[in-house]
Every structure is written in C-alpha cells, then in structure tokens.
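**Student:** Could you use the hints to bring the two separately framed chains together as a complex?
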Amino acid sequence: MNIPYTVEARPDTGLHNGKLGVWLFLASEVMLFGALFSTYILLRVGAVEWPHGELSVPLGAINTVILISSSVTMVMAWATLKMNDWAKHRLYLVATFVLAGIFLVNKYFEYSGHFAKGEGPWHSTFLAIYFTLTGLHGLHILGGMIVMAYLLGPGARLWKRNPEQFANRIEITGLYWHFVDLVWIFLFPVLYLL
Amino acid sequence: MHSDPAEVKKSVRAYVTVGLLLLVFTAVTVAANRFHLAVPAAITVALIIAATKGSMVAAVFMHLSHEKQWIYGALLLTVVFFIVLMFVPLFTTLDSIGTPLHPATAAHGGGH
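These protein sequences, in sequence, are chains A and B. Using my numbering, read the first sequence as starting at 1 and increasing by one per residue. Using my numbering, read the second sequence as starting at 1 and increasing by one per residue.
Pulled out of the complex, with its shape left as it was, chain B reads as follows (with noise of 0.2 Å):
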C-alpha cells in the first residue's frame, strides 16, 4: 500500500476509474437481467459479473493489489474454509446417513 503523499496522489485517477467501472457494470448486470435467460446462464452471468466487480474492490480501493505476505496468507486460508462451506449443501445431498441401505427390505420389516 502507498504511503508516500505522491505515490497517493498517483492513485487518485485509479480509484476514480474504477468507481465509474464498477458503476457501468452495475448497468449491465441490470441490462443482463432484461433479457431474461435461462436460470444456469443468468446464474453463470451474474456471478461472474459481480467477481469481477468483487476483484476490483478488494484489487484497488482494499489495496490487495499490492499488500504484505501476512495479509495474503490469511486471505488464503479464509478463501480455502469459503470454498469448504459453499460445498456444504452438496454434502447433505451426498448424505444417505438415516437412510436404509436395502429399501426394499426395509419396507417388508425385518423385525426381531
């Protein structure tokens, strides 16, 4: 990160072009939307418009782009435990615990 009043004031264009970036791809999100496409591709659209907005946030106005080891080895790990929890409803899905091996004899009871 910049710390240098020069350096800073370098950076001011930076962040007012990224502003009005993050303002234009606001506008096609929008626009996108309009057009009505099938749930998957809006999904796959959406989310990858709103990355790249995500990116530059945390890229310019967070200074991520050029930050110290410390930071970045703790981003890391939190990135690895995101991923973990957004597979957590494939995992109940996956779940056949509570759930009989064999239905079919399952349902003509297999009592003592």
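Chain A extracted, bound-state conformation (with noise of 0.2 Å):
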C-alpha cells in the first residue's frame, strides 16, 4: 500500500503529510515542556530561597554551544541534500550525530558530579525541577540521534529509490533537531544562571 503525499504536497494543505505531522508533534512537545516550565515557574514563586549558582555554568555554556552548532550542521545536512551533493549530506549528518552525543557526555559529567555528592533530585525542589528538565530534554537528544542513526544506516537506502522522500525526512528530522535546540536555549539561562 503506498502512503499518500509522502513527497508532493496535499492541495488543500500544501504540505507533505510528514511536515504537518512532525509540526503537530512539535505544538505538542511545546505544550508538554511549556507544563514543566510553568511547574518550575510555580516552585520558585513559592520557594522561601531559591538556590543560585548550584550548576556549572561553563559545562552549561559549552553544551549550548555545542547543541546551536549542532543545529548548523544539521540544517547544512538538509542543504546538502538539496543540492545533491550526498557526501557533504553525510558528513554533516554524522557532525549533527557526534556533537548531540558530546552533548551527552557533558550531561552524564555533570549528572556524576552531583550524584557523587549526594545530590540527586531528591536532595531540594531546584535539583528535582532541575533533573526532571534535564532529563527530559537529554532523552529527546537520545530520541533524535536514533532517528539520525537510522538515516545513516538503513535509512539511507532511500535516497537511491526516492530522493525527494528522503529528503523529507532529512527536513522533517531537522525540524525536530532545531526544536530541541530551541528547548535548550530557554533551559540554560532558567536553570543555570538565574
């Protein structure tokens, strides 16, 4: 069976069914950080103190560097592609790939640090807030480089029998890959420096 408007686009929408889709998906994701954001918005007006300068800002700065590079190179991975030149796509697929997991590697870092000093989220409401930010964000990182590392591999073969699909998912991946972005550019200033 093949699915309809998997690369021209639906004439009463004008767009790929992916891209409405993965749009969709994305308003959803807004609205499920948007609960935490304002779950942490509620602890700390109605926290006494509220704890500053617990998180290391430098490990936090170079993770946002990291993923808005990231971010580059995936959109560079879409252009690539669009201009058929397939080795630059894979190149800067495996870039985006790489620096989302140097991004986790900083985070299991900083995750170590607090435990080895007994400061799980069990330790203060900013901890907890903070891990389960954190954390969420970390397993939407996980859920991206999955899909990348099914492009890569598998995934791939698709280019040789429709490329235009293929580049779909490229784009739709990316959009995706700039939300998380997104998340994190709000999540360093919230939890790391204010």
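Simulated from the structure, these hints should not be mistaken for lab results. For clarity, every value in this text was computed on a predicted model and none was experimentally measured. Hints are supplied without guarantee of correctness; some may be wrong.
Said to hold, decoys possible - DSSO-like, lysine-lysine: derived pairs with alpha carbons at most 30 Å apart: (1) A:LYS117 - A:LYS107; (2) A:LYS107 - B:LYS68; (3) B:LYS68 - B:LYS10; (4) A:LYS107 - B:LYS9; (5) A:LYS88 - B:LYS10; (6) A:LYS107 - A:LYS88; (7) A:LYS160 - B:LYS10; (8) B:LYS9 - B:LYS68; (9) A:LYS160 - B:LYS68; (10) A:LYS88 - B:LYS68.
What the hints assert, rightly or not - Covered stretches of chain B, as calculated for chain A (at least 3 residues, CB under 8 Å): (11) 29-42; (12) 45-56; (13) 78-90.
No residue lacks a Cβ here, since even glycine has one placed at the ideal position from N, Cα and C.
**Tutor:** So, in structure tokens, the structure goes:
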C-alpha cells in the first residue's frame, strides 16, 4: 500500500503529510515542556529561597555552543542534500550525530558530579525540577540520535529509490532537532544563570 | 520553504550567519550574568536574549519565516494555550476555594 503525499504536497494544506505531522507533534511538545516550565515558575515563586550558582555555568555554556553548532550542521545536512551533494550531506549528518553524543557525555559528567555529592533529585526542589527538565530534554536528544542513526544506516537506502522522500525525512528530522535546540536555549539561562 | 537547489544555495550563508549570531548571543547571556543584576532585571535580560535566539532558530533554521498557512494556524493555537499554561501559577495564587471568607468568624467557630 502506498502512503499518499509523502513527497508531493496535499492540495488542501499545501504541505506533505510528514511535515504537517511533525509540526503538530512539535506543538504537543511545546505544551509538554510548557507544563514543566510552568511548574518551575510555580515552585520558584512559592519557594522561600532559591539556590543560585549550584550548576556549572561553563559546562552549560559549552553544551549550548554544542547544540547550536549541531543545529547548523543539521540544516546544512538538509541543504547539501537539496544541492545533490551526498558526500557533504553524510558529513554534516555524522557531525550532528557526534555533537549530540558529546552533549550527552557532558551531561553524564555533570549528573555524576551531582550524584557523587549525594545531590540527586531528592536533595532539593531546585534539583528535582533541574533533573526533570534536563532529563526529559536528554531523552529527546537520545531520540534524535536514534533517528539520525537510522538515516545514516538502513534508512539511507531510500535516497537511491526516492531522493525527494529521503530529503523530506531529513527536513522533518531537522525540524525536530532545531526544536530540541530551541528548548535548551531557554533551559540554559533559566536553570544555570537565574 | 525553498526546495529549488539554487534558492537553497543562497540560504546557506544565512544559516552560517545565524549560527554565528547565536554563539555571540550565548556569550552575551553569560557575560550579562557576571554583572549580578537584580533578579527581575536579570530574568528580563536573560529571557529577552533567549527569545531572540529562539526566534532566530525558528525563523531561519526551521524556515518559519516563509511557511504555509496551516503551520502558522497550528502554531497560533499552540501559542494561545502556551500563554494560558504560563498563567496557571498565577491562577493558583488567586485561588480562594477552601479559605474562609471571614477569618474572624471562622476562628471563633460557627458550629451548629
């Protein structure tokens, strides 16, 4: 059975189905993270005192730079594909995957530092919301890496059969990835600096 | 969104420029934190910079600056509900259900 509108745009929406689907998914993601940001505000406003300087700003800033760079490499992976440069596309997609991995390794070191001092989510309200927000964000990074691994591995065969559909898959993966970057852009100042 | 290779080629410079600007704004955020501003001012500055960076990612990397009506419609609805969600903490502080209307009367007891 052929799934319709994977390449050509639907006449009513002007979009291929994958793109509209991923935007609706991202809308639900906005509400998911929005609920947690709202929880953060509620906890912070209700707290008698709020810890400051508990997290490593340099590590958080390095992770911000890593995610921004990965967003650039991701959009370049799509652009080079549209320009029919397969070799460069692979290079940029591998770079995005590696940068995502480095982000998680940094996060691992950050988490282990806290756990070594006995500072788990149970330690304080701040650490509870910190681990919840960054843990959920980390899971999103992991999810993105799984999709990228598929597109670098078995999923790459689609390029030969249907290059337009493969380019669309890279585009919607990119939309998801930029959203993950966007969430971190807000998480960094809210958790590390304020 | 561009799908013509020539148009995509023109956009590459914009992607790199926005990437560099995002790095500059990150440095500005960290630098602003060193001034130890009062909490309300620090929150305002940090959120303005974060919103600017977020808009750049959405407009350029996610191609929202030139998208189809359906996506704008879905996002408009999301923004409305997101704003409601952000005001939920305020509703909890305004909530008076369960608190006595006349505390003095309640303290003396109004038993049957």
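**Student:** Next, verify each hint and record whether it holds.
**Tutor:** To see whether the hints hold, each was checked on the structure:
1. A:LYS117 - A:LYS107: Given pair A:LYS117, A:LYS107 holds - Cα atoms ~16 Å apart, limit 30 Å.
2. A:LYS107 - B:LYS68: violated (37 Å)
3. B:LYS68 - B:LYS10: holds (20 Å)
4. A:LYS107 - B:LYS9: violated (35 Å)
5. A:LYS88 - B:LYS10: Cα-Cα ~17 Å, so holds.
6. A:LYS107 - A:LYS88: holds (29 Å)
7. A:LYS160 - B:LYS10: Holds. A:LYS160 to B:LYS10 sits at ~26 Å (cutoff 30 Å).
8. B:LYS9 - B:LYS68: Cα-Cα ~21 Å, so holds.
9. A:LYS160 - B:LYS68: This hinted pair holds, its Cα atoms lying about 29 Å apart.
10. A:LYS88 - B:LYS68: Status holds; Cα separation ~29 Å.
11. 29-42: holds (count 5)
12. 45-56: holds (count 6)
13. 78-90: holds (count 7)
The earlier numbered hints that this structure contradicts are 2 and 4.
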